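K.L.:
Let the sequences and hints guide you as you build the complete structure.
What follows is the residue order along each chain.
2 protein chains.
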Amino acid sequence: MLEELSVVGKRLPLIGGVEKATGTALFTADIKLPGMLYGKALRSPYAHAKVVKLDTSKAEKLPGVRAVVTGKDVPHKKYTCNIMTYQLPEPEIFDRYLFDTEVRYVGEPIAAVAAVSEEIAEEALGLIDVEWEVLPAVFNITDAQKPGAPKLHDFAEGNVAAANMPLFPYGDVQKGFEEADIVVEDTFHTTKQIQCGLEPESVIAYFDHTGRLTVWSHCQLPHMLRRMLAYLFDLPEGKVRVIQPFTGSGFGGGTAIVGEDVCSALAIKARAPVKMVWTRAEDFACRATREHIAELHAKIGVKKDGTPVAMELKVTGDAGAYMGKEISGCAVCLASNITNYEFQNMNNELTVVYTNHLNCEAMRGFGGMQSTFAREVLVDEVCEKLGMDPIDFRIKYHRKPGGLGWFPGTAITSCGVEECLRIGAEKIGWKEKRAAKKEGTRRRGVGMAMMAWLSGAQPMLLEHSNATLKFNADGSCSLFVSPGIMGQGILGTLAQIAAEELGLNYEDISVVYGDTDLTEWSVGTHASRGVYCIGRAVKKAAEDAKAQLIERASKMLGVAADELEMKNRRIYVKANPEKGLSVAEVAEDSIYSHKGDAHQITVHASLEPTEFAPPWQAGFAEVEVDTETGEVKLLHWITVHDIGRAINPMVVEGQLFGGAAQGIGFALWEDTVISQENGRMVTDGFDTYKIASTLDIPEKFEVVLVEEGDPTGPFGAKSVGESGIFTMAPAIANAIYNAVGVRINDLPITPEKILKALKEKEKKEKEKS
Amino acid sequence: MLEELSVVGKRLPLIGGVEKATGTALFTADIKLPGMLYGKALRSPYAHAKVVKLDTSKAEKLPGVRAVVTGKDVPHKKYTCNIMTYQLPEPEIFDRYLFDTEVRYVGEPIAAVAAVSEEIAEEALGLIDVEWEVLPAVFNITDAQKPGAPKLHDFAEGNVAAANMPLFPYGDVQKGFEEADIVVEDTFHTTKQIQCGLEPESVIAYFDHTGRLTVWSHCQLPHMLRRMLAYLFDLPEGKVRVIQPFTGSGFGGGTAIVGEDVCSALAIKARAPVKMVWTRAEDFACRATREHIAELHAKIGVKKDGTPVAMELKVTGDAGAYMGKEISGCAVCLASNITNYEFQNMNNELTVVYTNHLNCEAMRGFGGMQSTFAREVLVDEVCEKLGMDPIDFRIKYHRKPGGLGWFPGTAITSCGVEECLRIGAEKIGWKEKRAAKKEGTRRRGVGMAMMAWLSGAQPMLLEHSNATLKFNADGSCSLFVSPGIMGQGILGTLAQIAAEELGLNYEDISVVYGDTDLTEWSVGTHASRGVYCIGRAVKKAAEDAKAQLIERASKMLGVAADELEMKNRRIYVKANPEKGLSVAEVAEDSIYSHKGDAHQITVHASLEPTEFAPPWQAGFAEVEVDTETGEVKLLHWITVHDIGRAINPMVVEGQLFGGAAQGIGFALWEDTVISQENGRMVTDGFDTYKIASTLDIPEKFEVVLVEEGDPTGPFGAKSVGESGIFTMAPAIANAIYNAVGVRINDLPITPEKILKALKEKEKKEKEKS
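As they're listed, the protein sequences go chains A and B. Residue numbers 0 to 768, in numbering that gives the first Met the number 0, belong to the letters of the first sequence in order. Residue numbers 0 to 768, in numbering that gives the first Met the number 0, belong to the letters of the second sequence in order.
I should point out that these hints are in silico values taken from the structure, not numbers from a laboratory. Here the structure is a predicted model, which means the values were calculated and not measured.
Pairs involving identical chains hold if they fit within one copy or between any two copies, as the list cannot separate such chains.
When the alpha-carbon atoms are kept at most 25 Å apart in a straight line, the in silico DSS-like pairs for lysine-lysine are as follows:
#, residue 1, residue 2
1, Lys767, Lys752
2, Lys268, Lys19
3, Lys31, Lys19
4, Lys539, Lys594
5, Lys632, Lys426
6, Lys699, Lys632
7, Lys758, Lys632
8, Lys9, Lys545
P.N.:
Written out as structure tokens, the structure is:
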């Protein structure tokens with residue numbers, strides 16, 4: 000058991016929660032600036048075409064129109080919407096122009112209008128005269144790689160951006176398979192899930208008379224957005240400011256440029272604030288979403304006793320028309336697979352192909368969703384062949400602390416998965432339910448899956464974090480940090496870390512965030528990094544501030560600093576706790592000393608973690624499958640998560656519940672349908688794209704936290720941002736197999752696929768008998 | 000001559016200037032918050048009365064009224080509007096209650112209303128039922144001190160707050176006068192000038208669900224306001240946030256609570272944002288203005304050769320009903336007198352009396368205005384008696400560097416007044432014009448005056464200042480500072496100091512200010528402290544940041560840090576300037592190093608000056624007096640100012656021109672008339688209170704800067720904020736004497752007073768002949 004702490008571990012209210020609950024929170028769409036204009040983009044109706052003519056003169060003449068922008072109005076330079084590229088030592092592929100003369104997906108903007116109203120902007124779009132030369136297009140990875148397929152980019156032969164690229168292989172996988180007693184392999188398909196934030200893309204940009212571009216955006220990586228916009232518009236980085244209002248979307252959608260490029264172009268031309276709020280259909284069709292690992296081929300070899308000797312994972316990603324995060328997504332898919340089991344040999348390869356879709360960026364569970372699905376289903380198959388309980392296999396062969404990390408040179412710092420597995424099995428009634436007889440048309444089954452994730456992607460990516468603490472005279476302080484704000488509760492969590500370290504109360508910490516001008520540089524939020532990376536910087540700043548306060552108290556009390564303790568808003572003599580000062584007295588003295596030694600206590604800390612501190616998880620599902628309709632009903636779900644330490648258990652549970660809800664969609668319903676005829680998004684609204692609603696959540700929906708502490712995490716904490724989503728799909732797939740004996744390897748697992756599989760199974764069984 | 004610098008000394012545009020010029024600047028009155036209410040105060044029509052009954056029930060029932068506050072709604076505790084009190088080691092007199100049951104001046108608030116519109120709030124005021132018991136009142140210092148006069152406060156016997164209090168006397172003044180060959184003495188009266196900011200008092204307060212009070216205010220001392228509001232409303236200091244929007248008034252008016260107390264009380268009760276914008280009449284009658292040094296008695300003794308042996312200055316202040324800054328004002332009046340001339344002995348005494356007026360706070364030229372007037376006129380008389388040219392006297396006997404400072408223990412760090420005197424005399428044609436024959440009904444004369452002021456009031460007052468610099472990856476940076484913003488140009492000036500020290504360009508510095516949550520603690524702006532006190536903190540932060548950047552460059556270049564120089568946005572080897580890196584390259588490396596040593600360069604500096612670095616000045620006036628009407632026309636004005644170093648000459652000149660314009664008003668027109676019958680403000684608008692307009696400014700209106708550098712100032716700079724205003728009144732008075740031979744010692748010098756004096760003079764001359 001971890002030691003109980005004062006502020007950390009408490010279920011404290013979220014910062015901004017009341018504002019959101021009472022409707023007083025200002026989202027970007029709520030902000031009105033003096034003289035603000037409204038922007039609309041003119042988008043390509045074709046998946047692949049050349050703009051032969053683009054005449055904006057009529058639109059420009061429409062009363063109320065203030066600016067029309069085309070490629071002629073912006074620097075002619077290649078960029079990428081993947082702003083995370085700056086976290087790599089060398090930026091990745093820059094392969095797109097803003098308002099290009101050749102479009103490569105339906106919805107690609109070729110021009111935009113800013114006007115005094117949305118209606119006039121819309122009308123002006125209709126006055127832009129465009130002549131197109133429609134080109135042949137490809138809509139899937141198979142067609143794209145065929146000889147003679149239409150070519151998207153000059154530099155990508157056969158539309159291949161990366162071919163059979165190895166990623167951190169080790170050992171001799173060939174030899175491993177030869178030594179294996181049992182080898183199973185299978186092919187899996189996953190879909191391009193959509194983040195479905197309730198806030199459609201909303202952005203305001205303003206280019207002022209000092210040559211400074213200010214952008215109000217829900218971006219999760221404000222400092223990265225700043226850097227890319229500065230690059231794109233030939234501005235010094237310091238002349239771009241990104242402000243994050245309350246945001247109603249995230250889930251990875253904010254790790255890329257969404258509408259900020261177009262809106263900024265308008266603002267720079269109009270020299271007035273311009274707001275763009277996308278329609279829901281635009282948001283579905285034109286906001287880059289999940290990395291699309293279209294196909295995974297997985298192969299596992301084990302000894303008779305289960306010893307995992309070899310694993311191979313080959314994945315093919317569908318990048319869409321431009322290189323967002325598709326290579327990264329495939330890489331993470333492979334890297335995240337390494338840490339789970341003690342395979343003696345491993346081979347990982349990725350291939351990425353361009354197609355005439357919207358490009359891919361990121362969504363919660365980036366890359367790991369897909370490999371977890373493939374691996375955990377395959378492990379289930381392996382266990383069946385071994386005649387070994389899947390939980391016993393996992394308890395025995397999961398990687399242990401000190402074992403191989405995702406990235407070369409990293410090691411696992413802690414692992415609580417055994418506890419997760421035992422708790423989940425007991426809670427769901429694993430042995431009994433699994434062994435229960437499956438009869439009738441509504442058959443129940445249980446399944447589970449396991450995974451290890453990461454807490455920031457160091458050292459692959461730069462995860463440099465900063466925090467500053469500034470003390471007020473009453474002993475309270477401002478904490479300056481720069482996470483991306485997505486309602487995930489990170490602000491309060493960071494405040495709890497600071498308060499705990501400083502021996503203050505939660506309400507003593509006032510968090511300043513969401514403005515690149517005000518806060519320290521930070522990567523922002525992605526890769527479940529917030530609590531671990533930023534939290535460590537906050538803890539370091541708090542440690543340093545504490546030392547300064549104790550030093551001042553030492554002088555005031557005439558007692559050596561090492562004899563003092565700081566707790567409960569006091570600094571006191573350890574050996575004689577009655578002798579001491581309140582933190583307020585010390586802070587006040589530092590500001591108002593009147594003795595010539597006044598000094599504002601302000602402490603800044605930079606921190607660059609070197610560990611990746613994996614959180615572990617086991618997810619357990621009980622399902623009921625209707626053999627007549629193929630319908631799957633999730634009856635019971637349990638996430639057991641090794642969080643290291645929950646800074647705010649309410650926040651952690653919220654993340655895990657929310658992730659699991661998105662996991663159900665990924666497993667059973669969510670399917671981005673793109674017309675294979677014209678490349679248009681078919682599922683461009685909540686009517687055609689089904690996500691889990693509260694009615695879809697089973698009554699038995701549980702989260703259990705395992706807290707054993709990570710030696711590197713702030714107060715032992717590891718990440719939870721993405722974790723909720725991973726194990727649902729494989730656990731459901733395995734539970735379905737347990738219930739009705741069919742394995743569906745193509746997500747989502749629709750009734751149609753189940754019925755088809757049941758029929759095939761029936762047919763095979765008949766053939767056998 | 001001082002060395003020429005790159006950024007310092009340049010006429011660079013003001014930060015916020017374009018916004019103000021184009022009307023896009025948002026002042027408090029322009030801000031609209033969701034759900035905002037509008038507040039109005041119910042004010043006493045009597046100068047002294049008891050509130051026998053106060054029934055707000057009808058007002059509360061008026062539809063649209065959201066809150067009515069009286070004394071019952073606020074903590075019953077004494078406070079002071081003089082928030083500068085916290086700069087003293089022990090706070091001064093707390094002698095007033097908010098919404099008291101006994102009022103002591105016309106306009107004192109006894110209740111307030113917040114409603115959904117100003118009209119409804121106004122209507123609600125009329126529904127408040129008040130029963131008054133009118134008490135006898137006193138309206139001037141003479142009546143107030145009479146036996147049996149109505150008593151304002153229990154603790155102030157005879158209404159005297161301070162009686163014959165000595166202030167920094169030295170030597171033996173009695174002996175001095177005995178040794179003197181010539182002794183002159185006289186009594187002077189000055190009036191209570193009004194700041195006349197174009198923005199009437201405007202404040203917004205909001206008390207949110209977290210128990211935090213946010214106040215939008217033009218306060219010049221945001222951190223001090225924060226502290227007093229926290230005290231007044233029993234809140235922790237960290238739970239009060241003060242935000243400074245663009246402001247259209249200052250001149251010392253923001254060194255006190257104006258409407259923030261009443262507005263906050265409404266906001267706390269209403270739990271909604273409340274805005275109060277005062278009417279012009281309210282602003283004239285209820286915003287505390289200049290310290291009122293009602294009477295000055297000055298006496299000077301010199302030897303035959305002019306040697307100044309003794310001076311005595313006794314002043315009586317009219318505090319009004321509560322102790323704002325009246326004691327401080329009288330103290331500054333006396334202290335500022337010390338530094339000018341080498342008097343061998345000096346005696347200074349102050350008396351402060353309560354009367355039934357609005358309390359006094361501060362205005363530009365605080366206290367020093369009045370002593371400069373008395374002393375410089377008296378020195379003119381002394382010189383006449385000596386038969387010595389007033390300029391020669393001043394050149395000979397002004398205090399020199401190392402000489403006595405305002406405050407015990409301080410010394411003069413630099414003095415350029417000799418140069419000021421010589422330049423002014425030459426430019427105005429002193430000798431010729433002074434000696435010219437005075438004939439006809441329009442007689443011309445020249446006069447001059449001299450003064451030494453201060454750059455912050457250390458070590459009397461806590462002048463602790465802070466600055467933080469945060470670097471962006473492009474080598475630009477954010478500068479966090481907390482001056483009070485009054486359009487005085489301090490933000491750009493501080494940016495220039497930072498840029499100069501860092502070898503960057505002006506536009507590389509982005510200034511963050513005006514928010515107690517975001518910026519470091521700072522006194523704010525008063526006592527001409529900005530450039531000297533805050534500027535020194537900025538310079539120190541820049542020095543430290545420079546050292547960090549050079550250190551990093553040293554590692555990158557493999558060259559010892561002391562061999563490197565940082566200039567022109569580069570860090571290079573001194574001996575081989577071609578070898579080096581841009582600051583951008585170094586700053587970028589610090590953030591994006593990808594080598595495990597990333598570190599955001601953020602530097603914080605605290606600084607508490609110990610010197611007061613007096614700026615010196617000589618002001619020269621040429622006037623024409625119409626002997627038939629008594630009208631005075633200012634023909635030519637020259638301010639020659641020892642600025643040490645002008646960081647931005649345009650800003651410095653602007654301050655001096657503006658101050659001089661206010662000086663004309665103080666000399667000739669501005670007179671706050673309070674009815675001696677009922678204590679009501681007679682001059683409560685621009686129609687009855689005459690300030691200088693552009694038409695009143697003479698064509699020959701000059702400013703000359705003397706730059707010899709102060710060894711303690713940032714790049715040699717001393718202050719200029721208040722300096723423009725001082726010498727005008729005595730120089731004009733002396734010029735009038737030169738023109739027509741009469742001395743008017745009561746300000747303002749109206750035609751009536753001149754005509755009366757001319758008649759008396761004529762009568763005397765007739766009697767003589």
